[in-house]
Amino acid sequence: MSMDNRYPAPDNKVIGKPYPRLDAHDKAIGRTKYTDDLCDKGALCTRILHSTVANGIVKSIDTSEAEKIPGVVAVFTCFDCEKNYFPTPGHPWSVEPSHQDVADRLVLTDHPLYYGDDIAAVVAEDEIAAAQAIRVLKDKVEYEELPFVLDVFDAMKEDAPLLHPDYPGNVMAHTTIRQGNYEEAIKEKGLTRVEGWYEVPTVQHCHIENFECFAYGEGDDRYVCVTSTQIPHIVRRCIGQALGMDWGKFRVIKPYVGGGFGNKQDTLYEPLCVWLSMKLGGRLVKIDVPREETFVNNRVRHGERFHIISYLRKDGTFAARKYEAWADQGAYSSHGHAIAAKGLNAFPQLYPCDNIEGDAWTVYTNKPVAGAMRGYGMPQASYAMEAAADDCARAIGMDPLEFKRKNLMPVGFVHEFSHNELYSDTFNQCFDKGGATIGYEKKFKEYSKPQTGDIRRGIGVATYWYNTAVYPIALETSSCRMVLNQDGSVQVQLAETEIGQGADTVAAQMTADTIGLSLDKVHTVSCQDTDITPFGTGVYASRGTYTLGFSVRKTAEAMKRKILEYAYELTRMPDYIMDIVDNNIIRKTDGRVLISMKELATTALYSRDHSVHLTSEETAHIKSNAYSFGCCFAEVEVDIPMCRVRLLNIVNVHDCGQLINPALAEAQVHGGQSMGIGYALSEKLLFDEKTGRPLNNNLLDYKLSSFMDHPRLVGDFVENYEPTSAYGTKGLGEPPVCPVAPAIRAAVAQATGCFINELPLSPDVLYKNFVETGLIQEEGGED
Amino acid sequence: MYDIKALYEATSVQDACRLLTEHPEAQVIAGGSDVLVQVREGKRAGKELVSIYMLDEMRGVSIDDKENIRIGSLTSFSNITKNPIIQEKIGVLGEAVNMIGGPQVRAIGTIGGNTCNGVTSADSASTLHAWEAIIEITGPDGVRCTPIKDFYIKAGTVDLRLGEIQTAILIPKESYDNCFGHYIKYGKRNALEIANIGCSVNVRLSDDKKKFDRVRIAYGVAGPVPMRVPTAEEFINGKAVNKKNVEQFASLVLKDINPRDSWRGGKAFRQHMAVEMAKRALIESVKKAGGEVK
Amino acid sequence: MSERQYKTVHFTLNGKPVEKNVDVRASLTDMLRNDYRMTSVKKGCEVGECGACTVIINGEAFDSCIYLAVWAEGKEITTLEGLLGPNGELSDIQQAFIDETAIQCGFCSPGFILSAWEILNTGKEYTDEELRKLLSGHLCRCTGYENIFRAVKKTMLRRLGKEAEAEKVDKQGIVDKKERVPFASLDPTVQA
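Chains as they are written, first to last, in the numbering used here: chain G, 1318 to 2100; chain H, 8 to 301; chain C, 11 to 202.
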């Protein structure tokens, strides 16, 4: 049997086509089942009692009154659970203890570390009884209040309250990069020093489906948890760790998910839910998190501070650079330092420089827990790095785009640690394409002329660094199973979950293409069940299409081989003379159709001579990664007295290799742009400084952008086939969000002359900056 | 599910007054876009509610025999915006309530609810203040009317006594005749927004459009309840329509307003916006009135 | 538990007269999801901010989460399930959402499609700004609203017989307006 050693990927004309999503029809008629749609209406409801102190010890909780409320089934407090500390992040587990995630969570805690921490849970027959019990319990908690700290710099002070005893100075981790000799290099004559402090806020994912899970007992001491997650196999492991039981005791089922964006790349309330069900003899218990709690009790994006110093030569090249970043981890470790480290790692790669000093700290504070969120540290770091690049260009009087083109990672750059290589002139291609679309040159020139009046315009461009998947930091593995049905169609099973991004559809397109089927003959099994689904770690890190590609190709090729081997029995043609095209077995020499897939499949299953169930299953252990770059152009109009930014145009161009489905890819870009627009202009989770209480944890006060806050979104691509990839593709889920905020910042700066070093560029921030720069006069109002 | 102790559904205005008298602790629920949210928050959980939502007699916009505009208190925001009488005579009110939340909230929210909850950020309230609306209240003893500025007692409290409900909002002919207004809602995004500060202005120009005959301006979120700013009004009435006067008018609003510092917006920021909005809303109003600020 | 209060409501659901004895504490979302298994009615915030629970009541879009079930009395209510033809045919707007990749995670889609359906049923031609305002009662975190906008605008134009204009909708990404527009209010006034 010889498979053609075809390169690029086999082309049966299914890849690269804008097929509608496999799940679009059901979603368009409303019959798609999300977690809540599957939960029996008789499920017990859970409400969680959240601490009203940002740091403290729970001395006692008097549950007697709450227990008497009609409909309340049980009240469980932090004193009822064992101290089984467990980790939550959606990282592959490591068999080496030094690489394991920090285990610092309990299902309920007697030492709340942020305002809203989980200290007790009420299980009731209905949500009203549960809510009533929570209102009663609120006043029945006795705390020993401890000092708390909300700011990373305050948290690092000597006298700051310590959140976790093993982490002095509240520093969860501090990593460094040293390249060349910074101190010597800055002594070079004639250098221009550019320094900036940049700050980005805490924001939240705001998937429209809140997190929900439900759990029940099954068989002998096993428990099922149905949950809205990106990472079912990881959640199973974390439940096992949380409850101190063998992982196989738990079965995690993942239905359709109404958006994840990284929040659901974390173990959230699944362990608590299973624990509650267990306590109640396996009864069906659900936890549906209200929106207000989604903001506080799930995960948030790390707020971060940056300090960047650059020394520039007159020709616009870097002599030396320094990068410092402090990430606000919140109260518990979750994904922890991986976020700040990613930015640090990117710094010497995006704009390579011989002499670099880089430091990144991840610091605990008494705030909601920061975890993964679309971009994984790069929207933050990209803002700082690109703002710094713009500041550098300005300091030496150079055109910012020219400055970037001159200093960005060159073609052929190889990163020593990851072996990533920049194979194509991606940056310049993206700049050229996006610049032409938005009319950058002309507009930049026009808006550079002195502007007067209330309404001014600007245009900006920014890029970013990103890669695909988590190799070599962590394990990359993907498994796939394919089953041939009686009619010649194929089922595909993967652990890379569908969360809205289109994983099911691209997996089907790859399968169809490789085997030689039409797309309608491939059925992706959408929902994962750890008892059935082949092992895999889920979707995150923009890895889905890249990693599943390896296992799909391997499995599809194995399936094709088996089909052709069986075809030999029916056709007596050597398998190497046959191929599968358009659902038929053909003879390659003359293209004659020898037998249809349908006939072959039916025969294979029902033949009395030789019956065989054709299946294939393969694991791909992936030891590669790929750069995924692009850029964003943004054009704005600023009403100075009103402190309002109107985004006029936005264009993103990305190189994510070969597009598997251009329509889905474009849609991914739109989503990233949208999240970037909110990040740039309006989103910020606020906390009361006196108590640590969240202030705007609802969709009215937290300003994610509405339909009226967007212009038309333009997403485009340059396609450079990625050689490390099974189908020439690479990461796209996260990159589009990364360059948006710095592009908008640059545009606002051109319009107003204010280079603002914090996000969001909301009216209050603009007001402060416009007053400082004299663009508007402060009102001398009377009280 | 809402934690409601009991729901009494009124079958008529009189029935509503009776139910409220019989259940003095009960809360009136009109559209529910505020009340139900508060029930869910726990603020009004476990309380009795008197629903007046089904009382169609309290819906609609009409002109009475004295040519006053009468807006039934249960008229939804979307119906106010769509109403031809509103569009013709007091278009700014339709525009103002068309900025509340999103379309679905405007379908359920009522102008009566928007004013009875007594909050300063209500988008209809500043415009109704600027047009000196009269609030019609029906109680067990009949109907009484009160100017809107007296209807607001303090933040969250309005002048409704035991057994009373607000049944209509009246705009007297003298108040709307030949007047043109503009409302500016300031928020961080362009929809689904609560006013960070709101400013409603209306003008009546002299026949030659050269003089301000009467200017009224009111704010939301410039104080604990919606408010007029008399100093600025007194200054500009009778003055010539020009840029200098408009600017002077705008800066004078600071004499009367008193916005507070909150996480939604700082005092200085709100003061700055109040001045800028006064200017822009007045210029827009003049434009609508057929004049021009030069 | 204090005595439960129930009421029988009679209404039309997707064209069919129905009646149900409901707990007066139920929202319309609760009744449609729990009693009628209308899974298109989604819970996203329960306070009327996200629009995922949108249904059409007497021809107008409402957030069913902040609407008491007992108020359904005498109303005509349409959920997304009601847009299908007798043999399961998709309406034009549902097909457009599929064709334009306007659906990703799908959680906001039912509400968006219903609002779009209401807008399109007016038979009017709206400007881009008007369409945005009319659709602004829904939050979406996946699509950036772009493909939803395309789906609605194209369907609007097609219903008006403007096929050629509909084809151009995708290409209108860059808008170069000469006029600089001062902020005059939160949003342009739209009489819809």
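Hints are not guaranteed to be accurate.
Said to hold, decoys possible - No more than 30 Å apart at the CA atoms, straight line, and that leaves these computed lysine-lysine pairs for DSS-like:
| no. | chain 1 | residue 1 | chain 2 | residue 2 |
| --- | --- | --- | --- | --- |
| 1 | G | LYS1905 | G | LYS2007 |
| 2 | C | LYS188 | H | LYS301 |
| 3 | C | LYS172 | H | LYS294 |
| 4 | G | LYS1330 | C | LYS134 |
| 5 | G | LYS2085 | C | LYS187 |
| 6 | C | LYS172 | G | LYS1759 |
| 7 | C | LYS188 | H | LYS251 |
| 8 | G | LYS1358 | H | LYS12 |
| 9 | C | LYS188 | G | LYS1334 |
Read the hints as simulated data drawn from the structure, not as lab findings.
Hint by hint, here is what the structure shows:
1. G/LYS1905 / G/LYS2007: Violated. G/LYS1905 to G/LYS2007 sits at ~76 Å, over the 30 Å cutoff.
2. C/LYS188 / H/LYS301: 23 Å, holds
3. C/LYS172 / H/LYS294: Not satisfied, since the Cα-Cα distance of roughly 36 Å exceeds 30 Å.
4. G/LYS1330 / C/LYS134: 41 Å, violated
5. G/LYS2085 / C/LYS187: 29 Å, holds
6. C/LYS172 / G/LYS1759: Since the Cα atoms of C/LYS172 and G/LYS1759 sit roughly 34 Å apart, the hinted pair is violated (cutoff 30 Å).
7. C/LYS188 / H/LYS251: 28 Å, holds
8. G/LYS1358 / H/LYS12: The hint holds at about 23 Å.
9. C/LYS188 / G/LYS1334: Judged against 30 Å, a Cα distance of about 37 Å means the pair is violated.
Hint check: violations occur at hints 1, 3, 4, 6 and 9; the rest are consistent with the structure.
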